[in-house]
Amino acid sequence: MSLTDELYRETILDHYHHPRNQGELNNATIKIEGVNPLCGDEITLYFNADDKTLSDVKINSHGCSINTASGSIMTECVKGQSLENVKEVINTFKTMMLSKEDNTELSEELEELECLRGVKKYPVRIKCALLPWNTLQQGLERLSSGKTDNQDQYVEK
Amino acid sequence: MSLTDELYRETILDHYHHPRNQGELNNATIKIEGVNPLCGDEITLYFNADDKTLSDVKINSHGCSINTASGSIMTECVKGQSLENVKEVINTFKTMMLSKEDNTELSEELEELECLRGVKKYPVRIKCALLPWNTLQQGLERLSSGKTDNQDQYVEK
Amino acid sequence: MMNIEKIRQDFPILDRKINGHKLVYLDNAATSQKPNSVINAISDYYKNNNANIHRGIHTLSEEATTAYEDVRDKVAAFIGAKETKSIVFTRNATEAINLVAQTWGKTNILPGDEIVISAMEHHSNLIPWQWLAQERQAKLRFIELTPDGLLDMESAKSVINDKTKLVAITQMSNVLGTITPITELSKLAHAHGALLLVDGAQGVPHLPTNVEEMGADFLVFSFHKLLGPTGVGILWARPELLEAMPPFLGGGDMIASVWRDKATFNELPWKFEAGTPNIADVIGAGAAIDYLMALGMDNVRAHEIELTDYALKAFQTLDDVKIFGPMDAKLRGGVISFALDHIHPHDLGQILNESGIAIRAGHHCCQPLMRDLKVWGTARASFYLYNTKAEIDLLIEALKEANKVMGHVAYR
Amino acid sequence: MMNIEKIRQDFPILDRKINGHKLVYLDNAATSQKPNSVINAISDYYKNNNANIHRGIHTLSEEATTAYEDVRDKVAAFIGAKETKSIVFTRNATEAINLVAQTWGKTNILPGDEIVISAMEHHSNLIPWQWLAQERQAKLRFIELTPDGLLDMESAKSVINDKTKLVAITQMSNVLGTITPITELSKLAHAHGALLLVDGAQGVPHLPTNVEEMGADFLVFSFHKLLGPTGVGILWARPELLEAMPPFLGGGDMIASVWRDKATFNELPWKFEAGTPNIADVIGAGAAIDYLMALGMDNVRAHEIELTDYALKAFQTLDDVKIFGPMDAKLRGGVISFALDHIHPHDLGQILNESGIAIRAGHHCCQPLMRDLKVWGTARASFYLYNTKAEIDLLIEALKEANKVMGHVAYR
Ligand SMILES: Cc1ncc(COP(=O)(O)O)c(C=O)c1O
Ligand SMILES: Cc1ncc(COP(=O)(O)O)c(C=O)c1O
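As given, the protein sequences belong to chains A, B, C and D, one line each in that order. Quick note on numbering: the first sequence equals residues 29 to 185 in this note's numbering. Quick note on numbering: the second sequence equals residues 29 to 185 in this note's numbering. Quick note on numbering: the third sequence equals residues -3 to 408 in this note's numbering. Quick note on numbering: the fourth sequence equals residues -3 to 408 in this note's numbering.
Treat the hints with care, as some may be off.
Not everything, but these chain B residues come out facing chain D in the computed CB check (under 10 Å) [claimed, not checked]: (1) N49; (2) G68; (3) T72; (4) S93; (5) I94; (6) N95; (7) E136; (8) E137; (9) Y150; (10) R153.
In silico DSS-like links for lysine-lysine, alpha-carbon gap of 30 Å or less [unchecked claim]: (11) D/K102 - A/K185; (12) D/K385 - C/K43; (13) D/K18 - D/K318; (14) A/K86 - D/K258; (15) B/K155 - B/K128; (16) B/K175 - C/K70; (17) A/K122 - D/K81; (18) C/K43 - D/K81; (19) B/K175 - B/K128; (20) D/K70 - A/K185; (21) B/K149 - B/K80; (22) C/K400 - B/K185; (23) D/K81 - A/K115; (24) C/K70 - B/K148; (25) D/K18 - C/K43; (26) D/K400 - B/K149; (27) D/K2 - D/K13; (28) D/K81 - A/K148.
Computed footprint of chain A on chain C, listed as stretches where at least three residues anywhere in the stretch have a Cβ under 8 Å from a Cβ of chain A [what the hints assert, rightly or not]: (29) 76 to 85; (30) 267 to 278; (31) 366 to 374.
Treat the hints as calculated values from the structure; they're not laboratory data. As the structure is a computational prediction, the values presented were derived from the model and not from experiment. Backbone N, C-alpha and C define an ideal beta-carbon position, used for all residues, glycine too.
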């Protein structure tokens, strides 16, 4: 199996070709764009939430397979979850992607994320995988700050 | 005789230590500054002239030996000369300094300039020698343009 | 005719192995590789002549000054400029455009004036004019493209008018490869009293370029795309324009006399070069010009037409491929943007890299063009004088492989 | 303690012969020489990893990006900056100062505000403030020097007041060698709500430097004076200042999203780096930091104090010599400006060059200071880590010779 085959393992390709929760949410509590200026990936994330639960989420991706799959799996992992849980999921995923060691454990509900672990070997692609998550994180910050003016843009660093 | 000895031959040192026509001319027809931004040499040139003759000239030099000597000898060569002659002298000197060949002939009246011929071997110093002459040339241009506002600065290139 | 195999030996990086494969470098529109003569010019300078220039009287400083200033003559000869003093060294093409916008622009653009660029400009030839237009309450207008990606001269005629003060246009598109009709544009602009700035970042490295024949008023380009080092760009402008422009950055070397409260400025071109310049790389840039002049830009261009023609035909043997830009190699440079139906360019770039093939993927700093093309990015292969048909064959093979890796699922 | 003979072997140019003599390079305040590790870092990059950065997905681009960005960490560590994103690469110190003047300055300086610099600033730390003051109808004020060439803190206290918005000051004078009391100035400036910009062009290469200890808000310097290549300067600023500053030059790489009529900008530090940066030389600059960090800046400073002390004493054995600046080597760097009574500095420079000794002569880009000192220029010998006492002996010998060549005629 070549490195590339490993990267593009089936789960990623499945989510890339059939992304879940794609599209727009009318009257979303939060609408936020995420941009990776270095490669041009852009996503728009919509979600409905009160101060406890993230009840619905949709994403409009125009990125590469990693970016699209990561966003697709993310929506599955966070939809209907308590905000507390959502934050924990974000943390788990970011730790998995950014820590030097490769020993982050994924619980059963998150095991779909497993397929993205291979991305760590390709440093330039890590940002592709992180963009939806960082955008969600910024969206949550906006939610808790009460500034829901829907003008925000998250720019990947 | 080392290269340096040759450069600092006696005539130059004499003019450097006893520069001729140094100082200011009150109510000069033309007063013009000359600057070499690269080394900081600055001179101020004063002369009286009508449309035919350069009747008097003074120079205020703060430059190196080459610059000071060149200005000093220049004043001797041009003082009291017809403007036509002055232009010719300027041309002769500039040709001597700038031509690739080393065969510019100097007439008897100009033979004091001979000592500056050695400067040609030191390309950075050529500008030191040229500054008074280029400043005089620009001053003459101002004279003939009628703009005698005494605000001019010649900047060596 | 150039001997490409011999040329390749001058470029040490071409022996590099990537993932076990010999490097196939097809990212020349981003930056070119460098011949030994350029690399050595830089290290020889540091080993033998390094000194600060202009203000020094010792031997090293004199040698460094001469070597640095001599490159100005070479650049002038290379682009057919009549006067050495019209050559200003900058960091890159981007800085050169900003210099013009901030000096010429701020003294010449008034409210209501119009600045004209095209739909395919690089961000570097867009953002400075957006800012200038905003600041001066001027209008930024766009020449559109024809459906096959050429500059639409009808559109040019309709947007350039007597309010136009500047037409700023790329000589060759870094996305579509399109070569623009500079001489025609020059006539059009000048007929309306406007000036013409040519963004030669892509054009100058690949096309014989003569500022007089083009009828340009400003030309900018970057040496890193022209076999030269990073950190050196050129602004050429007609000397009378440069004379009239206020200085750009202030500091050492660009002054004549300085007092606490005022200063007078140095002559051209030094008025525009503040502080210690990038001496070593300018000298390296001189070696790049020597290299290209020895080959002849006509030969470089002929080789690239041949390669591009070959590549355009080879691409058409692929399924599901879309090529952006003109299909006639004579109307374009060796920059081929393309898309495969089911593979995002970013993925494609990575898959090709597994075979040692370096292409670029993304918006190529031309987001407005991407929006017009209704894509989020393209894959781009771009050639230079050391590329071969065999390398294009490898590219095509690898693209076929990629279709397999990513599957032919016709979704999204 | 450093082994100077071993260090000298790292600098190939020190074997250079000038007019039959071994080069004695005492023009380090103008630019430093480069060790092999720096020269090789640049050529190795071109031979193995050269690519455009940030936007590429292929191996070379990834390697180049990593190598380039890693230098930011090194620079941050070298100057004690806490955040990598606070390091902006510029062409030189001059550009960095202009950047601050044109972005921070234009958004923060209002009519009636005051900008304070000192009487000994380099033109690069003067002209940008002259322009800003003129444009904003602000006032440029000067801290004077004490008779022995130190910064006069009484004067500082009298010119810095609540109208002061910025104090911009050299860390070490390139003419007098004077080291300024940055920490004290920082307290004084901050007490009045002003910011402190430190021109570290001379200081950073020679003194252990820590932005936090200094209490600086901005620090600029140039790598060519710090064993590094030409074409790389640094702007460090407190991140919250950089965040609030508008961008400087517009173009590729500094944007986030671009439309025809507007754009959003990239994160720090890239917001301030428009167009293709000087990649190779930044990587070379990283090698320069490695070299200095391995030696230890404390050791560099100790060596230079020793040399300077030796030189100051040796100078006093000469007739008719005047030294400008403080006479205590601990209060100054290894930059010695001097005058011989009857020899113009320009002539002196040339005479020393006959013996292979490279010094500088002129106004050293400090014309206002020259006017204050009532001279048209000075001769200047300046040291770095590879200089030796034996070289100072050669200098003193040659100065005695010069007195003979030019004669002792006490005129003018
Ligand atoms: C004190 C000081 N500031 C600023 C500069 C300007 O540095 P650069 O020419 O590298 O921009 C210099 C060097 O000449 C200097 O000595
Ligand atoms: C057409 C065009 N213009 C301008 C630029 C900017 O060049 P640089 O990044 O060297 O300033 C580029 C290169 O990226 C380009 O392709």
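Violating hint indices (sorted, rising): 1, 3, 7, 8, 16, 18, 19, 21, 22, 29 and 30
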